[in-house]
Amino acid sequence: ELKVEQNPLFLSMQEGKNYTIYCNYSTTSDRLYWYRQDPGKSLESLFVLLSNGAVKQEGRLMASLDTKARLSTLHITAAVHDLSATYFCAVDPNYGGATNKLIFGTGTLLAVQP
Amino acid sequence: NAGVTQTPKFRVLKTGQSMTLLCAQDMNHEYMYWYRQDPGMGLRLIHYSVGEGTTAKGEVPDGYNVSRLKKQNFLLGLESAAPSQTSVYFCASGFVTHLPGLASDTQYFGPGTRLTVL
Numbered sequence: 001e002l003k004v005e006q007n008p009l010f011l012s013m014q015e016g017k018n019y020t021i022y023c024n025y026s027t028t029s030d031r032l033y034w035y036r037q038d039p040g041k042s043l044e045s046l047f048v049l050l051s052n053g054a055v056k057q058e059g060r061l062m063a064s065l066d067t068k069a070r071l072s073t074l075h076i077t078a079a080v081h082d083l084s085a086t087y088f089c090a091v092d093p094n095y096g097g098a099t100n101k102l103i104f105g106t107g108t109l110l111a112v113q114p
Numbered sequence: 001n002a003g004v005t006q007t008p009k010f011r012v013l014k015t016g017q018s019m020t021l022l023c024a025q026d027m028n029h030e031y032m033y034w035y036r037q038d039p040g041m042g043l044r045l046i047h048y049s050v051g052e053g054t055t056a057k058g059e060v061p062d063g064y065n066v067s068r069l070k071k072q073n074f075l076l077g078l079e080s081a082a083p084s085q086t087s088v089y090f091c092a093s094g095f096v097t098h099l100p101g102l103a104s105d106t107q108y109f110g111p112g113t114r115l116t117v118l
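The listed protein sequences correspond, in order, to chains A and B. When the count follows the working numbering, it moves up by one through the first sequence with no breaks and lands on 114 for the last residue. When the count follows the working numbering, it moves up by one through the second sequence with no breaks and lands on 118 for the last residue.
This is chain B alone, in the form it adopts within the complex (with noise of 0.2 Å):
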């Protein structure tokens, strides 16, 4: 099993460009999540997605879209491409146990992707 695999590994824009990320896992998984690291900041939840065609707002969502077309794969969309969005975006998957008591799984990171916006 490949796990999660993002694509591409590094990207430059220029300011007012548009980019497609693409993450894809292999382990079946329902929900998928894309975040952003920056520096002294930790990561940064941007949208989330508990199952094939749904989608939802994370902390920092604002400048980005996703979709969900398929279970294996979130797609994270930047429109016009700003220098605050330079960062390291990383994609993971996991399963939530919804039952009380059960064990919640954690999530499982893709490699990251290094974009840098001049």
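The following block holds chain A by itself, in its conformation from the complex (with noise of 0.2 Å):
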């Protein structure tokens, strides 16, 4: 049964400063989606990664993927408040053909304070 696991669950941050959410998974896999939720919204597509060396950047954020350890990390450059959202990380658990059955993380929620 494939497990996704994000950490950290909570993070508090500061306008200006990096971090990055990480995002293992249990079983092999070469497809991994971030996606933001907003408070009372829905999801909205951030990145996907569906190679191993994986990188995609979008303003502040960048996400890559590692295949081999089984891990994708959500790096964030220079936190505005903007930023403050829920982000989750989901796998496609098939291997090498896409089912885009996702199993998603528990999902990270990011508070960047002023």
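There's no promise every hint is true.
[Stated by the list, open to error] Simulated crosslink set (DMTMM-like; lysine to aspartate or glutamate; CA at most 25 Å straight-line):
#1 K101(A) - E15(A)
#2 K3(A) - D62(B)
#3 K14(B) - E30(B)
#4 K101(A) - D26(B)
#5 K57(B) - D26(B)
#6 K70(B) - E52(B)
#7 K9(B) - D38(A)
#8 K41(A) - D66(A)
#9 K56(A) - E5(A)
#10 K9(B) - E44(A)
#11 K3(A) - D26(B)
#12 K101(A) - E30(B)
#13 K56(A) - E52(B)
Don't read these hints as lab results, they were simulated from the structure.
Take the two lone chains, each set in its own frame, and fit them into one complex as the hints suggest.
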């Protein structure tokens, strides 16, 4: 059974600081997704990572995937208040061919303080 | 395009009542999904569909039924609601490319339905 673990579960950081959210998963997969959810809202797609070594960046967020370590990271650079949200990683458990049946992590609640 | 829409947005049921949640998408996606989101547990897949007329079970299917009579609609039914089904329900749609090495699209989520079962 595929398990997806995120840490930390809660992150309070100051504006301007850098930090990393980690997403570990328990079985082989080569498809990993990052989503953002604002309070009371739906999920918004941030990144799709489809191969070992994949790195994608959008603004102050950068995501990477290491399929051998079964690890993805979401790095936040010079945080701003607008980044405050819950961030989820999700993994497709089928290696080598997508099923798109995603298994989600429990989420990381990010609070950026002024 | 409206994307993915869900009806209703909020609902309160009594134990044992039944209801149907409607999801509609206008992106011509083959795949549709129903998730539930509970505090501290992320999203869990209830049922999904890979095309019109097909459905399959996800991680937590018990107590729910689904139907996909039209490509653009995916219905989630609760036949006899229980307090344990109090949750926020999200519908999503997407497509999958099965050729190795090609990009697999992400899923697009609806706004959610907040269901309380008393």
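Okay, the hints, checked on the actual structure:
1. K101(A) - E15(A): This hinted pair is violated, its Cα atoms lying about 35 Å apart.
2. K3(A) - D62(B): 20 Å, holds
3. K14(B) - E30(B): Not satisfied, since the Cα-Cα distance of roughly 34 Å exceeds 25 Å.
4. K101(A) - D26(B): The hint holds at about 21 Å.
5. K57(B) - D26(B): Between K57(B) and D26(B) the Cα gap is close to 23 Å, so the pair holds against 25 Å.
6. K70(B) - E52(B): 6 Å, holds
7. K9(B) - D38(A): 17 Å, holds
8. K41(A) - D66(A): 30 Å, violated
9. K56(A) - E5(A): 21 Å, holds
10. K9(B) - E44(A): It holds: about 18 Å lies between the C-alpha atoms, which stays within 25 Å.
11. K3(A) - D26(B): 32 Å, violated
12. K101(A) - E30(B): 13 Å, holds
13. K56(A) - E52(B): 34 Å, violated
Hint violations for this structure: numbers 1, 3, 8, 11, 13, all remaining hints satisfied.
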